[in-house]
Amino acid sequence: MVPELGHFALILALLLASVQAIFPLAGSLSGNRAWMTMARPLAFGQLTMIAIAFAALVQAFLTSDFSVLYVAEQSNTLLPDIYKVSAVWGGHEGSLLLWVLFMACWGAAVAALSRNLPLTVVARVISVQGMIAIGFLLFMLLTSNPFERLFPVPQEGRDLNPLLQDPGLAIHPPMLYMGYVGFSVAFAFAVAALIGGRLDAAWARWSRPWTTVAWVFLTIGIMLGSWWAYYELGWGGWWFWDPVENASLMPWLVGTALIHSLAVTEKRAAFKSWTVLLAICAFSLSLLGTFLVRSGVLTSVHAFATDPARGLFILLFLCVVVGGSLALYAWRAPEVSDGGRFDFVSRETSLLANNLLFVAFTVLVLFGTLAPLIYEAFDWGKISVGFPWFNKMFLALAPFLALVLGVGPAVRWKHDEPMRLVKTLWWALALSIGVLAVSYLPAFSGGHAWVPVGLALAAWLLFSHVAIVRERLKNKGGLTKLGPALVADLRGSGRSFYGMVVAHLGVAVFIVGVTMVSNFQLEEDVRMSPGDSQALAGYRFEFLGAQAVPGPNYMAQRGHFKVYRGERQIDELHPEKRAYLGGGMPMTEAAIDPGLFRDIYVSLGEPVGDTGDWALRLYYKPFVRWIWLGAILMALGGVLAVSDPRYRMARASARKPAADTAAARA
Amino acid sequence: MAMSKSVRYLIPLVIFGALAGLLVWGLGQDPREVPSPLIGKPVPAFSLPTLEDPNRTLSDADLKGKISLVNVWASWCSSCRAEHQSLMALSELRDFQIIGLNWKDEAAAARRVLSMTGNPYDLIGYDPDNTVGIDWGVYGAPETFVVDRQGIIRYKHIGPIDRTVWEETLSPLVERLRAEG
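As they're listed, the protein sequences go chains A and B. Those letters in the first sequence? Residues 23 to 688, per my numbering, in order. Those letters in the second sequence? Residues -18 to 162, per my numbering, in order.
Hint data in this document are derived by calculation from the structure and do not stem from the laboratory. Small disclaimer: the values here were computed from a predicted structure and weren't measured. Heads up, some of the hints might be wrong.
[To be verified] Covered stretches of chain B (chain A as the covering partner; in silico rule of three or more C-beta atoms under 8 angstroms from a C-beta of chain A):
no.: 1; stretch: 45 to 58
no.: 2; stretch: 85 to 98
[Unchecked claim] Only part of the chain B face toward chain A is listed, based on derived beta-carbon distances under 7 angstroms:
no.: 3; residue: Ser(-13)
no.: 4; residue: Pro(-7)
no.: 5; residue: Phe(-3)
Backbone N, C-alpha and C define an ideal beta-carbon position, used for all residues, glycine too.
Just chain B, same shape as in the assembly (with noise of 0.2 angstroms):
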């Protein structure tokens, strides 16, 4: 009885080394940095409608001949709403594409913000279930795989595009994947 009393006391510390557990191998997964294992290889196969016309899709075969941003982001999303501005800035550069993957969103929400804010995609794969989402290794919104003209995935960047992460790592990238050929 006395025994199975101080056990019970036991637990919060027990609970906590597994956090604290979880809380290390958190930080030696830096999701910024942590190299996504589809970078270099071909973008998965997949076929979705698009957000503006369901009767239309977006498919593996639209992102090649063309170097391509691909940008997962949601309406819920606090931190694709910061980053909107920047994509609007960098749909005016036109020696790219930008492809957006509305992830586990609904339609009319993200149609919304879209008329209001203005549409820096020139095709956007409507994903509300998370299917193309998990093939891609989707984390969370926003993130951007930078893909090159054979379809190639070459980058993953994790988080909201803003000035600085397009001038010292994006724009290089792409620099560098146009000179490729």
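Next up, chain A with everything else stripped away, as it sits in the complex (with noise of 0.2 angstroms):
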């Protein structure tokens, strides 16, 4: 009963759905205001229907309800509750469910947080936002229904595929959809402006909060996998290049690409058919990844849902979506005057290269994901372009990425001086140099090269931003008086500032993070009876044995580690290793003694004989922390970008409803 109320929920929300599709933009296109007031109060039906699904979804694996198809196949009574919410995810017609759960709060928050902007525009976004979601939930009643009903009733669940059953796996698929669906915002205010034909700062300044929260969803979704792989995987590595990796690396490469553009083009109204471009990309690429993960198109380690016909569904949703978008696009953008001019030394030009280096990684990691199809395709022979050609792009571009990030903010808009660049950040050079001279003595570097300069590029960053800092302070009369000065800005409009800073320290914090654990990762592969040490990176590791014990749904082999800093015990260490009890490859759980400056990271391999020996990895990670500490500070920068009460004021000053009207019958 309940399985059919969710069914009858998500049929229901087809039908908003399709009147939300129609109706608003219809009504902004005719002048019809009766019809454009219907957009808010459609998006809030929508999210109460699919929230109903959501619930009843959720109601049935709480209750082990085997009837229903999906349930059987993703849960087990074995499981503990909290895994059994979060198998709602853990296959691919939830998935879907969560996907459009979030799809619909997004449009809800856009109804009920856009008082102030111009009916037209909300009637339009909300509209598209409508046709994206008539997409999705024709996509799962035709392929995916995930209340399917299951006759014979089993017994027994088959259980969550092992490698999902872990906090950090919980919560990172719904951080990531958070931050994918959180592009079809962008994407639904990029073409509600191609439709109106009115592409102009306002337009920048509505998208830009709510590029950023996506953009910052999706950061957090990003680091959370890679942490996730870090200590599950077993393999102590924090980026694979696999295809489901960079099918979220890919929209987030192109969002951070449009933050930025976002920026020009709503101070300088620069660059607007150029950002309006980069929206449509952003959200594309989204559903692309979506495409790529469940079709089946690329093997992936991560690819749990795989299968050809829903392929199909997905890509013409998209050939409808971008191609749609894109002629859109191609139609109106012509139109569209260029905006502001700039010299060569100008924010304008710092941020082309910002736009350009993160466009041109996007094309390589999109090649790189593609590579082994297009070879296929053109019968060039075979391919895998695998870990090493990814970290020799990243590379290539990511130093100069660094260069012009240190340089980008403490231009000035439209036109500087270079000298005054140079008095503003010579010091900041200097300093960084003495850092790359430093770190390039063996007694730092160790001889690896890229030390000195990822060290540098970090330094680069933290000094040229404190530069950038002090000259906004100095401009501000407050260099004398540094904490109330700075509290002030804090407190008026210059959230939006310290929040790029403290996002670009984010960088800085990232870079230092992956120079050190690359080039000073210590690891050990040793076979270790009970009672043996191993010494590793000024550590002794004690393996005191391994022995069987009973999870709620699994069988472990736990090992026992002390670990000793001189004489001192430091730690206690219990590696896993987990037999599920419905089938599967055995888990490896690591058990890692986490520090800001190391990681100790221990992991069982296999069992070496009777006589209780097992072959082990033991890592020493030095920074590794800092990866996703780097991570956290870009978010963090994110939110504080966002709290910025400018855009409450402008807002504000947007609301005119006479405008309203106009527009509509322009």
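Using the hints, put the two standalone chains together into the complex.
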């Protein structure tokens, strides 16, 4: 009964989405105010229906209702409750439902928080979101209905993929989806602006906070995924350039380019058609990511649900959404003026460099991900673009990005004097060169050429941003009273500026983490008998043996280690190897002693012989936390920027009901 | 002038069209199911140094007389790591041999992986430059070829071998090959 209710709610949501796609948009084009005002209630109704469907599915999981096929496939009575809930999005059908739920949340959020936007814009944005919702709801109802019944009803469910029974992975997909789907708002704003032919600074100002929030979610989602891979796959790696990871990285890269290009469009009314194109691309790449993950076109460790028939639907949908919006772009964008002119030495130029680098990197990642397909299609021979290729590309572009990143925020809009820049930044440059020289010494770099480069770039970012903050406070006359001036600035309209600074410092922290862990990590692959000790990086690992320990739905071999620094015991570690009762491959649960400056990481390999010996992996990972810390700082920067009161004031000043009807008739 | 400007804005649409074409084509070429043109043919003649000992060679002659699983792997390939544990379990079954093709890899890295997680392979050919991989039509790693006693390639599995793949596809095939004698 409850599953049918959920199914019915989905059908109602589809009907509502159809109304939502047609009437507000038609109203905005014909000037029918009544139709336009339907937009907001429809968005709320959409959310209500999908929330009912989602709640029905959660209920089916919590009560282990195996008469629902999807529950029988994903869950199991032995599964702890928390994983019963996360199992809802552990498979294809439920992920889609979660995706649609978030989509409706964003739609309702736009409806609720857009009181100060012209009604025509709201109507068009919500209509475009309705169109996207139609696609996804049809996809669910036609090919992947989570409420499909199963008869005869099995006694026991099949169990969730053991890889997914983990707190990190329980929250990773929701974050990622919030980000993916969040770009649909930027997309809807862009398409609405193209429909209305009104691409201006106001449009950029409305899109900016939405885009930044989506980007924050995506950043956190990717970070959680990386962290999960680090401790769960048992190899201590934090990024594998796997197709599924690349699928989330591409929208992030374009999204990063987009939030910077939106800044130019808002402040200088330049880059307008380029910004629109980026907004379309960010969401298109989110859809492409879904297609790649769900279709089985590329094989991947993460691909937990692949089905070519579903792939075809997503591909058709992709063609309609992306092809349609790009056609609209080709039709409307030529009418858009190019906007403000700028000189070579200007903020615009540096942001253009940022955009080009990010887009170039996206193109490379896209090429690398699709390379097996491209080569096969043109019969150029067989290829698999692996880890080393991506790393090379990343290392080829990232240093330039970091260099530009240190200069960009210091440059003034439109035109700047090179001498003024030198005066602001010379000491930051000098200090970074100092860092380069010192860390080049073999005693520091250990002969790794990338160590001085990475550290100097991080230092450059740190010092140049200190210089930039100093310059700003000096201009506000607050250098003598630094503290109060900073507080006042944070209370006022400075938050988006400091958000930028925090996010950029996050990049510096990230660079330090990547540099240190890539060059200085130590690993030891050893066979140890109970009672053996092994030294690594100044630590001593004592292996006390492994024993069988039952878990709620698995049987574990749990190793016991004591870790010593000198004579002092600093931690006990318990890595596990789990065999899940539901079947599947055994899982490695690494044991980690985390620290700001180093992680100690132990994972169980294989038992060797009959005497209790184990093959083990011991890792010393310096600064590995900085990688995720950097990502968290970037996300925090985004949050700080969005909290800038400027956006609220900007919305208040956009409250011009008279302009509404005027725009509607245009 | 105005014309060329409008054309410029069509570029994204054209690029997307090409991409969509590629994806439509790719969908028809499901990499897990597309049969290798080599199926039913004898293994291509080859000779490679082994990973453990560069002075020894692995050649097509080693694939005759026994049922073989030829597994393409590399230390940089994350799916291979996932697959490794299944191979370790399979290596305990003694009615076929597991031959490794260490593909586009560095010998030191590959040896380290094996010393740590165990070596499921009876013999491993070292193919850093994809010379043998090309003849075999290796698309990516991991891939596994099933070769019968006469040295004929009977099946190609793309992607990692897990319990389901083994129980539903590979194990019945190996049983059948053994019955063929």
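How the hints compare with the structure:
1. Three residues within the 8 angstroms Cβ limit are the bar, and the stretch 45 to 58 of chain B against chain A gives 3, so the coverage statement holds.
2. Check on the stretch 85 to 98 of chain B: 5 of its residues sit with their Cβ under 8 angstroms from a Cβ of chain A, so the three-residue criterion for coverage holds.
3. Annotation: Ser(-13) (chain B) was flagged as interfacial toward chain A, and the flag holds, the nearest CB pair being 5 angstroms apart, inside 7 angstroms.
4. The beta carbon of Pro(-7) (chain B) is positioned within 7 angstroms of a beta carbon in chain A (closest approach about 5 angstroms), and the interface hint is therefore held.
5. Interface restraint check: Phe(-3) (chain B) against chain A, minimum CB-CB distance 6 angstroms, threshold 7 angstroms, status holds.
Of the hints listed earlier, there is not a single one the structure fails to meet.
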